[in-house]
Amino acid sequence: MAARHSATASGAPSSLARSRPRYGEALIKAVLMLAALVSIATTIGIVVSLLEPTLRFFTEVSALEFFTSTNWGPLFEPPTYGVLPLVSATLITTGIAVVVAVPLGLAAAIYLSEYARPRVRKFCKPALEVLAGIPTVVFGFFALSFITPLLRGVLPFEIEIFNALSAGLVVGFMIIPIVASLSEDAMAAVPAGLREGSYALGASKMVTSLRVVLPAAFSGIVAAVILAISRGAGETMIVYMAGGGQPNFTLDIGKAMQTMAAFIAQAGSGDVPVGTVDYNTIFAVGSLLFVMTFLMNLVSARLVRKFREVYE
Amino acid sequence: MSETETTTMKNIAVNAPGAPRTIESLDPVFTVSGLSVFYGEYEAVRGVDMVIGNREITAMIGPSGCGKSTVLRCFNRMNDLIPGARAEGKILYHDEDLYGDHVDPIEVRRRIGMVFQKPNPFPKSIYDNIAYGPRVNGLKGKMDDLVEEALTRAALWDEVKDKLKQNALSLSGGQQQRLCIARAIAVKPEVILMDEPCSALDPIATTKIEDLMQELARDYTIVIVTHNMQQAARVSHRTAFFTAEVDDKGERHGRLVEFDETSRIFTNPTDKRTEDYITGRFG
Amino acid sequence: MAVLSTPRSAVQLAGKGQPVREHLFRIALISSLAIAFIFLAALLTYVLVEGWPRLDSRLWENMPSIRDPEIAGAQSAITGTLWVISLTALFTIPTGIAAAIYLEEYADKSRWWNRVIELNIQNLASVPSIVYGILGLGIIARALALGFSVITASITLGLLVLPVVIIASREAIRAVPPSIREGSLALGATQWQTISRQVLPAAIPGIATGSILALSRAIGEAAPLLMLGAVSFIRFNPDGVFASYTVLPIQIFNWISQSREGFHYLAAAAIVILLAILLLMNSAAIWLRNRYQKRW
Numbered sequence: 001m002a003a004r005h006s007a008t009a010s011g012a013p014s015s016l017a018r019s020r021p022r023y024g025e026a027l028i029k030a031v032l033m034l035a036a037l038v039s040i041a042t043t044i045g046i047v048v049s050l051l052e053p054t055l056r057f058f059t060e061v062s063a064l065e066f067f068t069s070t071n072w073g074p075l076f077e078p079p080t081y082g083v084l085p086l087v088s089a090t091l092i093t094t095g096i097a098v099v100v101a102v103p104l105g106l107a108a109a110i111y112l113s114e115y116a117r118p119r120v121r122k123f124c125k126p127a128l129e130v131l132a133g134i135p136t137v138v139f140g141f142f143a144l145s146f147i148t149p150l151l152r153g154v155l156p157f158e159i160e161i162f163n164a165l166s167a168g169l170v171v172g173f174m175i176i177p178i179v180a181s182l183s184e185d186a187m188a189a190v191p192a193g194l195r196e197g198s199y200a201l202g203a204s205k206m207v208t209s210l211r212v213v214l215p216a217a218f219s220g221i222v223a224a225v226i227l228a229i230s231r232g233a234g235e236t237m238i239v240y241m242a243g244g245g246q247p248n249f250t251l252d253i254g255k256a257m258q259t260m261a262a263f264i265a266q267a268g269s270g271d272v273p274v275g276t277v278d279y280n281t282i283f284a285v286g287s288l289l290f291v292m293t294f295l296m297n298l299v300s301a302r303l304v305r306k307f308r309e310v311y312e
Numbered sequence: 001m002s003e004t005e006t007t008t009m010k011n012i013a014v015n016a017p018g019a020p021r022t023i024e025s026l027d028p029v030f031t032v033s034g035l036s037v038f039y040g041e042y043e044a045v046r047g048v049d050m051v052i053g054n055r056e057i058t059a060m061i062g063p064s065g066c067g068k069s070t071v072l073r074c075f076n077r078m079n080d081l082i083p084g085a086r087a088e089g090k091i092l093y094h095d096e097d098l099y100g101d102h103v104d105p106i107e108v109r110r111r112i113g114m115v116f117q118k119p120n121p122f123p124k125s126i127y128d129n130i131a132y133g134p135r136v137n138g139l140k141g142k143m144d145d146l147v148e149e150a151l152t153r154a155a156l157w158d159e160v161k162d163k164l165k166q167n168a169l170s171l172s173g174g175q176q177q178r179l180c181i182a183r184a185i186a187v188k189p190e191v192i193l194m195d196e197p198c199s200a201l202d203p204i205a206t207t208k209i210e211d212l213m214q215e216l217a218r219d220y221t222i223v224i225v226t227h228n229m230q231q232a233a234r235v236s237h238r239t240a241f242f243t244a245e246v247d248d249k250g251e252r253h254g255r256l257v258e259f260d261e262t263s264r265i266f267t268n269p270t271d272k273r274t275e276d277y278i279t280g281r282f283g
Numbered sequence: 001m002a003v004l005s006t007p008r009s010a011v012q013l014a015g016k017g018q019p020v021r022e023h024l025f026r027i028a029l030i031s032s033l034a035i036a037f038i039f040l041a042a043l044l045t046y047v048l049v050e051g052w053p054r055l056d057s058r059l060w061e062n063m064p065s066i067r068d069p070e071i072a073g074a075q076s077a078i079t080g081t082l083w084v085i086s087l088t089a090l091f092t093i094p095t096g097i098a099a100a101i102y103l104e105e106y107a108d109k110s111r112w113w114n115r116v117i118e119l120n121i122q123n124l125a126s127v128p129s130i131v132y133g134i135l136g137l138g139i140i141a142r143a144l145a146l147g148f149s150v151i152t153a154s155i156t157l158g159l160l161v162l163p164v165v166i167i168a169s170r171e172a173i174r175a176v177p178p179s180i181r182e183g184s185l186a187l188g189a190t191q192w193q194t195i196s197r198q199v200l201p202a203a204i205p206g207i208a209t210g211s212i213l214a215l216s217r218a219i220g221e222a223a224p225l226l227m228l229g230a231v232s233f234i235r236f237n238p239d240g241v242f243a244s245y246t247v248l249p250i251q252i253f254n255w256i257s258q259s260r261e262g263f264h265y266l267a268a269a270a271i272v273i274l275l276a277i278l279l280l281m282n283s284a285a286i287w288l289r290n291r292y293q294k295r296w
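Residue numbers (the numbering used here), protein chains in the order written: chain A, 1 to 312; chain B, 1 to 283; chain C, 1 to 296.
Derived from the structure by calculation, the hints contain no laboratory data.
Because the structure is a prediction, the values reported are computed rather than measured.
Where is the CB? At the ideal position from N, CA and C, for every residue including glycine.
There may be inaccurate statements among the hints.
As the list claims (entries may be wrong) - No more than 16 Å apart at the CA atoms, straight line, and that leaves these computed lysine to aspartate or glutamate pairs for EDC-like:
#: 1; chain 1: A; residue 1: 29; chain 2: C; residue 2: 182
#: 2; chain 1: B; residue 1: 118; chain 2: C; residue 2: 104
#: 3; chain 1: A; residue 1: 29; chain 2: C; residue 2: 104
Stated by the list, open to error - Quick list of simulated restraints, FRET-style, between CB atoms:
#: 4; chain 1: C; residue 1: 201; chain 2: B; residue 2: 139; range: 52 to 60 Å
#: 5; chain 1: A; residue 1: 273; chain 2: C; residue 2: 30; range: 32 to 40 Å
#: 6; chain 1: B; residue 1: 249; chain 2: C; residue 2: 115; range: 43 to 51 Å
#: 7; chain 1: B; residue 1: 204; chain 2: C; residue 2: 108; range: 39 to 47 Å
#: 8; chain 1: B; residue 1: 42; chain 2: C; residue 2: 27; range: 50 to 58 Å
#: 9; chain 1: A; residue 1: 55; chain 2: C; residue 2: 259; range: 34 to 42 Å
#: 10; chain 1: A; residue 1: 155; chain 2: C; residue 2: 49; range: 20 to 28 Å
#: 11; chain 1: A; residue 1: 51; chain 2: B; residue 2: 42; range: 41 to 49 Å
#: 12; chain 1: A; residue 1: 24; chain 2: B; residue 2: 249; range: 42 to 50 Å
#: 13; chain 1: A; residue 1: 192; chain 2: B; residue 2: 252; range: 36 to 44 Å
#: 14; chain 1: C; residue 1: 115; chain 2: B; residue 2: 204; range: 33 to 41 Å
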């Protein structure tokens, strides 16, 4: 290699070392990472804000009473701290919501994924999303002043002005888009080959939808339903406004019930002095709600990942 | 001009313009020795030795999966962008180790331009596409002149001079690719790497790019990866033939089989595998 | 349906009996979708009908009152909403975009901490909004001592919708083809130059759409603010980030809780305003999406 570098279009080459330092690049990356860490800080913040008062709560109230007593009246004299009425109210309203949302949402998903022409789908999907975009306080208003009077006029049995049925029904409609859109995603991920195989065997569209597509998308649909349940269980305004503020340990859906979220909203919006048992109660119930929904979300996320792995 | 310009012309390629210098005496821009490229544990290319001569067109041919693009992407360290990719062995750029610790890949890419398989103009105006490189590199000079010069060199100026503000995506595929070449030229590189630049183009557009390459070879060193053997024979001074070998563990590794002047590769290859490939018995 | 091996007549190929069931199934599916839409239509119609008589300038010119529904308005709630949402946007949009850029362009997915960040964001997206109220109360209002102010509400709502902004921005960034990044890097641009000059401009429409949708969720949110002091009747407009405040959804909630009938119509009228704002924002999002549909 005796020859020297010849002159080139860019002139004689100089060293390939960094011509000027670029501290900016590293700084920017650090700032961006910091932004991503805000989400971690949020989670830590939630856990910390829940944990401390919750632990304090359990130094004054026995866990046994909290989890087994059927009397909830922390603001009465003498106070009672059985969380079961709140849990049962949450389960009942969420149950009603699921009874509404799962069949309707699933049917909508099957229709949009398997039957609807592209143009219909293109219109219907965002229209359904509008339901998800309505503020919950509006749903609460509608439940209280339209659905409840309607039910009182139509139903053969007695229902109170505040009742679990109306609240649950409206929560159900609120979560339809969650069930429908995630289920549709799962169904759309089912390979066309499976459907074609079914059609080739002479199966009809209905049989193909119910026996081939639905089972193939099962884990995704379950994930959608769990996520919807979690959203329903955490819903506050509708159940607070239409379900009422009385803790009732009952199965009568015509009666007023107070869910966990509704209790937090009610107690939290009052002027409860910091550090008192009453104040800590809010956080204890909050912890329970957080853990319940967190577990559901975890299961749902795992299932979603599973169906993604299978078909993508 | 350097003394290498006057090197004896021992071999003249049948179709290629100009004359390649013999390997012994050529003025090397890249000297590759024992290059292996890994993606994680997987060794994609094994033990490549070759030399890229100054202001020559070097073609890399071979069946798909033979690692020719992988090697090309080592020359401007684009492989760095793939997580887990690393190169072993040595690539000297002039006398400097391209993978040396002090080397800044960004500086490398300013010096060594690249044109991709699919034309990838930025979704901006034609003018901004050309001006982008000089701008990010902090190049001085009048931008309008720079843009005109780059477009002229890429034989695109006459076609676009009246619509410089138009979105580059409105150009035809062949024009887009020439725009990408102009974009690369605008940063005044020494080398232009081309990764199958014509594979997405029709024959007429391909001819234009090939003419352009020969024009550019006067001032630039060009390395081109191509699937098209005729293209290699038409435009290049030297050709490297790669193939994929399967080892006893069943893994495929790209190997350089033969590297020589294009005329010799196509008329008188020394390796049986090269001969099989160019005569169409393989690949 | 005909079985291949046994010859059947053409009549049987048409398949008898099944069409009825097929037809009923299809009708059932369409009805389900229709029920959801009827519910939505009923809700919108009801709100509009109830609110129409009270939908006038009193609503935005007057301050809230619990004494006289005839003179009560929602001015402080409207300005409060504007204050809170502007501040929310200021905080959450840059943070969300930055986090999305980090996760899409910088984060090495093989590192466990990056996977934890991703999983954590997914999880945060489905934490009940009332729990964010607890976070706001325990940490932002008390531990950070920001009290029941506009800024507390904004940070809380910002954290609440942050996952939405991040997830939407990530999708928009991911939709920018890798060839654009390669083209830029091959010209010697640095990673940040590539992101700021090529990737982000191309992803802006998607990011904007996602951000608008996130903000419209924040505008309608009431539950966490119940715990953050928005419930009291505020008869003045906020004059800074540390001022007391109320917002439209909470004002609506307050009126609904009043027993006198006049407040019912007032609430409905305020809902119409709230929905109109949301409609406007969503239309903007849809327009943006269609206007700048991806071009490659």
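Here is how each hint holds up against the structure:
no.: 1; hint: A:29 with C:182; in the structure: 19 Å, violated
no.: 2; hint: B:118 with C:104; in the structure: 23 Å, violated
no.: 3; hint: A:29 with C:104; in the structure: 12 Å, holds
no.: 4; hint: C:201 with B:139: 52 to 60 Å; in the structure: 21 Å, violated
no.: 5; hint: A:273 with C:30: 32 to 40 Å; in the structure: 56 Å, violated
no.: 6; hint: B:249 with C:115: 43 to 51 Å; in the structure: 30 Å, violated
no.: 7; hint: B:204 with C:108: 39 to 47 Å; in the structure: 44 Å, holds
no.: 8; hint: B:42 with C:27: 50 to 58 Å; in the structure: 55 Å, holds
no.: 9; hint: A:55 with C:259: 34 to 42 Å; in the structure: 40 Å, holds
no.: 10; hint: A:155 with C:49: 20 to 28 Å; in the structure: 24 Å, holds
no.: 11; hint: A:51 with B:42: 41 to 49 Å; in the structure: 47 Å, holds
no.: 12; hint: A:24 with B:249: 42 to 50 Å; in the structure: 45 Å, holds
no.: 13; hint: A:192 with B:252: 36 to 44 Å; in the structure: 31 Å, violated
no.: 14; hint: C:115 with B:204: 33 to 41 Å; in the structure: 50 Å, violated
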